[in-house]
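Participant: The working numbering numbers the first residue of the sequence shown as 15 and each following residue consecutively.
It is possible that some hints are incorrect.
[Claimed, not checked] Across the chosen pairs, the derived CB separations fall in these ranges:
{"no.": "1", "residue 1": "48", "residue 2": "159", "range": "21 to 27 Å"}
{"no.": "2", "residue 1": "64", "residue 2": "149", "range": "31 to 37 Å"}
{"no.": "3", "residue 1": "167", "residue 2": "51", "range": "29 to 35 Å"}
{"no.": "4", "residue 1": "76", "residue 2": "41", "range": "15 to 21 Å"}
{"no.": "5", "residue 1": "163", "residue 2": "63", "range": "20 to 26 Å"}
{"no.": "6", "residue 1": "106", "residue 2": "62", "range": "17 to 23 Å"}
{"no.": "7", "residue 1": "74", "residue 2": "150", "range": "19 to 25 Å"}
{"no.": "8", "residue 1": "158", "residue 2": "103", "range": "23 to 29 Å"}
{"no.": "9", "residue 1": "151", "residue 2": "53", "range": "31 to 37 Å"}
{"no.": "10", "residue 1": "167", "residue 2": "25", "range": "17 to 23 Å"}
FYI, nobody ran anything at the bench for these hints, they're computed from the structure. Here the structure is a predicted model, which is why all the values come from computation and not from measurement. We treat Cβ as the ideally placed atom computed from N, Cα and C, and that holds for glycine.
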Amino acid sequence: MTRRSLISENLVKMAVVSPLLELAGFYSRDVQVRDEVPIEISGRDEDTLYRGRIDILVFREKLWVVVIESKHSEFSLNKAMPQGLAYMLASPRVSAELPQDTFGLLTNGSDFRFLKVTHQKKPSYSVSPIFSLVDPRNDLYTVLQILKVITQKILGSSGN
15 MTRRSLISEN
25 LVKMAVVSPL
35 LELAGFYSRD
45 VQVRDEVPIE
55 ISGRDEDTLY
65 RGRIDILVFR
75 EKLWVVVIES
85 KHSEFSLNKA
95 MPQGLAYMLA
105 SPRVSAELPQ
115 DTFGLLTNGS
125 DFRFLKVTHQ
135 KKPSYSVSPI
145 FSLVDPRNDL
155 YTVLQILKVI
165 TQKILGSSGN
């Protein structure tokens, strides 16, 4: 790829992610969508503080539902995974006893990967395969369908 064909992180958010969120129903009055949300995460030793910005945060009431990390077009989604998971693990919990899911989406504009963190005593996560627009089957419709399922899940319940 030439330098000229590199698509910035902001263009990925504007041209790819925002229309998908609209089509999936995330811009409803029951859900809030914010961009560039500042976050601080304490390290295990409590003396280390990591600061960052969640590219797009979808939440309902105080419950984080989807954490979206956009990267420039040449960025590997595998390299974005630790950042996305760290942000998702920092999600506020409704109840320490009940499992709670936080979803994530990583994208560089042509590839998409979904993450799911289940918050419980010992958090666990799962990772989807990479869905690609450059694949001959063009996975954009699949990405949209997954986002719609997440929307239905959060609008159909106020818990997990």
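Participant: Next step is simple, just say for each hint if it's right about the structure.
Facilitator: Hints, verified against the model:
{"no.": "1", "hint": "48 <-> 159: 21 to 27 Å", "verdict": "holds, 24 Å"}
{"no.": "2", "hint": "64 <-> 149: 31 to 37 Å", "verdict": "holds, 34 Å"}
{"no.": "3", "hint": "167 <-> 51: 29 to 35 Å", "verdict": "violated, 21 Å"}
{"no.": "4", "hint": "76 <-> 41: 15 to 21 Å", "verdict": "holds, 19 Å"}
{"no.": "5", "hint": "163 <-> 63: 20 to 26 Å", "verdict": "violated, 35 Å"}
{"no.": "6", "hint": "106 <-> 62: 17 to 23 Å", "verdict": "holds, 20 Å"}
{"no.": "7", "hint": "74 <-> 150: 19 to 25 Å", "verdict": "violated, 37 Å"}
{"no.": "8", "hint": "158 <-> 103: 23 to 29 Å", "verdict": "holds, 26 Å"}
{"no.": "9", "hint": "151 <-> 53: 31 to 37 Å", "verdict": "holds, 35 Å"}
{"no.": "10", "hint": "167 <-> 25: 17 to 23 Å", "verdict": "violated, 29 Å"}
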